[in-house]
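Each chain, written out:
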Amino acid sequence: MIIEAGHYALVLALALSIVQASVPLYGYWRRQPVLMDMAQSTAVMQFIMVALSFAALTYAHVVSDFSLRNVVENSHSTKPMIYKISGVWGNHEGSMLLWVLILALFGALLAIFSRHMPQVLKSLTLSIQAWISAAFFLFILLTSNPFARVGVPPMEGQDLNPILQDPGLAIHPPLLYLGYVGFSVTFSFAAAALISGRIDPAWARFVRPWTLLAWIFLTLGIAMGSYWAYYTLGWGGFWFWDPVENASLMPWLAGTALLHSAVVMEKRDALKVWTIFLAILAFSLSLLGTFLVRSGVLTSVHAFASDPDRGVFILAILVFFIGGSLSLFAFRASTLRQGGVFAPLSREGALVLNNLLLTTSCATVFVGTLYPLFLEALTGEKISVGPPFFNMTFVPIVIPIFFLMPIGQLLAWKRGDLLAAAQRMTVALIVALLFGLALAAWHGEPVLAAVGAGLAVYLIVGSFVDIGGRIFVRKASTSQMLARGLGLPRSAWGTAFAHAGVGLSLLGLAATGWGVEKIVTLRLGDQIDLGPWRLELTKIEPRPNSNFDALVAQIQIRDGSGIVTQIEPARRLFKTRTMTTSEAGIATLRMGQVYVTIAEQNADQSLDMRLYWKPYVSLIWLGGLIMTLGGGLCLSDRRLRIGLGRAAANKGKQKPNAQPHPVAAAE
Amino acid sequence: MSRKGRRLFFIGLILGTFGIALGMVLFALRGSVSLFLTPSELAERQLSAGARLRMGGLVKEGSVVKLGPQSITFIITDGTKDVAVSYAGIIPDLFREGQGVVAEGVLASPTSSAVNQLRADSVLAKHDENYMPREIADSLKKQGVWQGGSPNSSPAPAQRP
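Note that the protein sequences, when read in sequence, are chains B and R. Everything in the first sequence is counted per the numbering used here, starting at 489 for the first residue and increasing by one. Everything in the second sequence is counted per the numbering used here, starting at 32 for the first residue and increasing by one.
Because the hints were derived from the structure by calculation, they are not lab data. The beta carbon of each residue, even a glycine, is placed where N, CA and C say it ideally should be. Possibly wrong hints are sitting among the right ones.
Unchecked claim - Result set (BS3-like, lysine-lysine): computed pairs, CA atoms no more than 27 Å apart in a straight line:
(1) R:Lys112 / R:Lys91
(2) B:Lys1006 / R:Lys97
(3) B:Lys567 / B:Lys1063
(4) B:Lys755 / R:Lys35
(5) B:Lys902 / R:Lys35
(6) B:Lys755 / B:Lys902
(7) R:Lys97 / R:Lys112
(8) B:Lys1063 / B:Lys1027
(9) R:Lys112 / B:Lys870
(10) B:Lys870 / R:Lys91
(11) B:Lys1027 / B:Lys1006
To be verified - FRET-style restraints, in silico, Cβ to Cβ:
(12) B:Phe891 / R:Gly129: 27 to 35 Å
(13) R:Gly50 / B:Leu970: 45 to 53 Å
(14) R:Ser102 / B:Asp1014: 14 to 22 Å
(15) R:Gly129 / B:Gly1048: 31 to 39 Å
(16) B:Asp1014 / R:Thr104: 45 to 53 Å
(17) B:Thr1026 / R:Ser102: 44 to 52 Å
(18) B:Ser822 / R:Glu75: 19 to 27 Å
(19) B:Gln1089 / R:Gly93: 36 to 44 Å
(20) B:Thr1009 / R:Gly93: 44 to 52 Å
(21) B:Gln1015 / R:Glu75: 45 to 53 Å
Generate coordinates for the entire structure from the input sequences, incorporating the hints supplied.
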C-alpha cells in the first residue's frame, strides 16, 4: 500500500510539474499575474509529492520488501541499516529519484526564498524549472520505475555491490547531486532572462547565491568522491581522469567561471551575454554528466545497468534542453545590451582571462572525455584517453590560472595598475621562493614537486595580500586592525579563503612527488622502513561479519621514539555476490598518510602488500573543504541578503559605480 | 586604448588561447592515447616498439609464471594469436588462468617477431561473475567465447602505477 502511494505521489508530481511548466508561461504571455503566481504553490507541492515518493522507496528498502524489483536487485536482509538507507540511491532507479527529489527541493526553495524577486522573473524561472522536472519524472516513470514489483517475491535479495557498501555512499551522491542539480536553478534563471529579455545587475544578484550554493555542494561532492575512490580502490590514487570524474569536473569548471563572470555583471553591468551563456553551459554539462553516467555508454561502477531505452531517453532530454536553450540564446542574446567598458588591465580584464582559461580547460576535458566515444561510434576503433592526455592539455592551461589568481584580486575595477599589483605580490613571491627552496632541501627530488609547492605557497599567501593590505595600515593599533578585519565584507574573506583552498589542494598535489611506494612480501613480525616510519606486521586474523568475512592484517607504525599508531588493512569476501574488496589501512600523520593494502594470503602464510607514504596528501581534500568554507562566507555576505529588496525595488536605476569601499565605510 | 583596440585585444586573446589549446589537444591525441586491440588485431597491424596499447583477451591456461612476489609473466590469447605479457605489481584478486583480462602497457619488441611482447603497467581482471570491463566482454563476444550474461560492468580497479 505504501509502495503504491509512493508510485502515485510520483505521478502526481509529474502532473503538478506539467501545470507548473505551462500555466505560468501562459500567464506571462497573457499578462495574468494570478496564473503566474501558481508557480510558487505548485513548486512546493511538487517537492512534497516527490519527498513522499522517496520516503516510500526508502521504507521499502528499510523493511526489505522483496516484492519490489529494486529492493531485490540491490538489497539483502543482512545488509547493515546504513546501507539499506543509502542503498536507496545506490542503484539506477533510486539515484534518479534522488535526482528529481533534489531538483524539486531547489524548486521549492526558489519559490519560498524569492519574495523580493520581480514576479515575472520568479514565475518564468519556476516554469523552466518545472520543464526540467517534468522531463525527468517522465524518464523515471517510463523507463526506470523504482516501484516496479516482481511476480513472485524471492525470499532474499541479491545484495548491494560491495564496492558501494561504504559510508561514502551516504554522503557522496547527495552532495554531488545537490551540486549538479543546483545548476538547474541558474539555467532556469538564464532561460527566464532570455524569454523576458530583461537582464540587469539585479538579476546577477539573484542568481549569485544559487550559483554559490551549487558550486559549494559540487566542490564538496567532488572532493568526497575523490577521497572515497582514494581509500576504497586500493591503489592510492585520488583522481584518475575517468570519464565519470570528468563528467563532474566539467560543470565545476563552468560553474567556477560563472561565479566569477556573475561578479563582473553584478558590479559593472558587463559580460551579460557571456554570463547567460555560462549559466546555460554549466547545467548543460551537468545534464551531459547525467547522460554519460546513467545511460550506460560508459563502463563504470557508477553505471549501474545499461539499457538502450534509457540512454536514448536521456539523450532526448539532453538534446531538448541544451538545443532549446542554445536556440533561445541565439535568438535573444542580441537583444541584451552590453554595459560598462573596461581596460584590458583591470579587475574585469583579469576575470575575463580567468573565464577564458577555465572554459578552455573545460573544453580540453570535454574533448578528452568524449573523443573516445565519438571515435568508437564512428569508426568502431577503441582507444582510451588517460592521464597523459590531460597532463599535456589540461595542466598547462590551469597553471597560468594559479599564477594570475592573486594578481587579479589586486587590480582595480575599470583600469588597474599591474606594476603596483606586482609590487604588492613581492611578499608572497619571496615567501613562496623560500618555502620552495626549504622543501627542496628537505625532501630533495623531484624538483617539480618543490616548484609546485612553491607555486602553491605563493597562491596561499597571495590570496591574503589583498585582505592584509586592507587590515594592516601604519600607526594602527591591534584593536583597530582587528576592527578593520571584522569590518571587511564577508565576501572578501570568502574570496581569500576559497583561493587559498585552491593553493592548499595544489600543495597536496605537488607533494605527491615526494611519496614513497613499496611492494613487499611480509611475514608475521617482519619490519620495514617507509619514509620516516617503520612498519611492523603484528597480526593476521580472520574476522567474520554480518554480510562479509574479512581477513585483517594489523600493522604498527613507529617513529624514532616509539609506536605512533596502528592500521588494519583488510580484504573482505562478500558472501552473497562472492566478491572480494580491499580495505586500505590508512593513518593520517603530520598531514600525510601511511596507506597500506594487502593481497590474498600466500600459501606460506606471508602477505603481499603495497605500502605508501604520501606526505601532505590530506591537504588535497582539506583544500577542498577550505574552498567550500570560502564559498560559505561569500554566501553569508550581507550584500546578498540586504541588497535584495532594494535592488528589486529600484531596478533600472543602478548606482553609477557599485564598488563600495568597505574600509572607508568602517572608519 | 580605444574601444576598437580593446575589442581587438580581447578577440586576439581568446583566439590565441583557443588556438594554443587546440594545438595541445591535437598533439596529445596523437601521442598519449592507447589503442584497444586483441592479439589478432595486433598481429595484423605494424606497430613499432614503444607503442602504448591495451590488450584484451583470455589468460592462456598454464601460461602464468610467477617470477617473484610481485612479478609475473603470462600469455593473453584470443584463440588464434598470443601475446606474451610481463607485469610487475600486485596481481588483481580475480586474475586467473582462463579468465578475461585487459593489460595496458608498452609494446616491447617489433611486431614482426613470432609472439608480440607487452610490458604491462596495469592489469585489469574480471571483477566478479557478472561485472566485467566492457572491452573484454566485447572482444570475448567477437571471438565467440563469451559465456556470461549481460555485460554489466565495472572496471576492476586492479593496479595502477
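To see whether the hints hold, each was checked on the structure:
{"no.": "1", "hint": "R:Lys112 / R:Lys91", "result": "holds, 11 Å"}
{"no.": "2", "hint": "B:Lys1006 / R:Lys97", "result": "holds, 19 Å"}
{"no.": "3", "hint": "B:Lys567 / B:Lys1063", "result": "holds, 11 Å"}
{"no.": "4", "hint": "B:Lys755 / R:Lys35", "result": "holds, 23 Å"}
{"no.": "5", "hint": "B:Lys902 / R:Lys35", "result": "holds, 16 Å"}
{"no.": "6", "hint": "B:Lys755 / B:Lys902", "result": "holds, 11 Å"}
{"no.": "7", "hint": "R:Lys97 / R:Lys112", "result": "holds, 22 Å"}
{"no.": "8", "hint": "B:Lys1063 / B:Lys1027", "result": "holds, 24 Å"}
{"no.": "9", "hint": "R:Lys112 / B:Lys870", "result": "holds, 19 Å"}
{"no.": "10", "hint": "B:Lys870 / R:Lys91", "result": "holds, 23 Å"}
{"no.": "11", "hint": "B:Lys1027 / B:Lys1006", "result": "holds, 20 Å"}
{"no.": "12", "hint": "B:Phe891 / R:Gly129: 27 to 35 Å", "result": "violated, 54 Å"}
{"no.": "13", "hint": "R:Gly50 / B:Leu970: 45 to 53 Å", "result": "holds, 50 Å"}
{"no.": "14", "hint": "R:Ser102 / B:Asp1014: 14 to 22 Å", "result": "holds, 19 Å"}
{"no.": "15", "hint": "R:Gly129 / B:Gly1048: 31 to 39 Å", "result": "violated, 50 Å"}
{"no.": "16", "hint": "B:Asp1014 / R:Thr104: 45 to 53 Å", "result": "violated, 27 Å"}
{"no.": "17", "hint": "B:Thr1026 / R:Ser102: 44 to 52 Å", "result": "violated, 27 Å"}
{"no.": "18", "hint": "B:Ser822 / R:Glu75: 19 to 27 Å", "result": "violated, 54 Å"}
{"no.": "19", "hint": "B:Gln1089 / R:Gly93: 36 to 44 Å", "result": "violated, 24 Å"}
{"no.": "20", "hint": "B:Thr1009 / R:Gly93: 44 to 52 Å", "result": "violated, 24 Å"}
{"no.": "21", "hint": "B:Gln1015 / R:Glu75: 45 to 53 Å", "result": "holds, 52 Å"}
Hints 12, 15, 16, 17, 18, 19, 20 from the list above are not met by this structure, while the remaining hints are.
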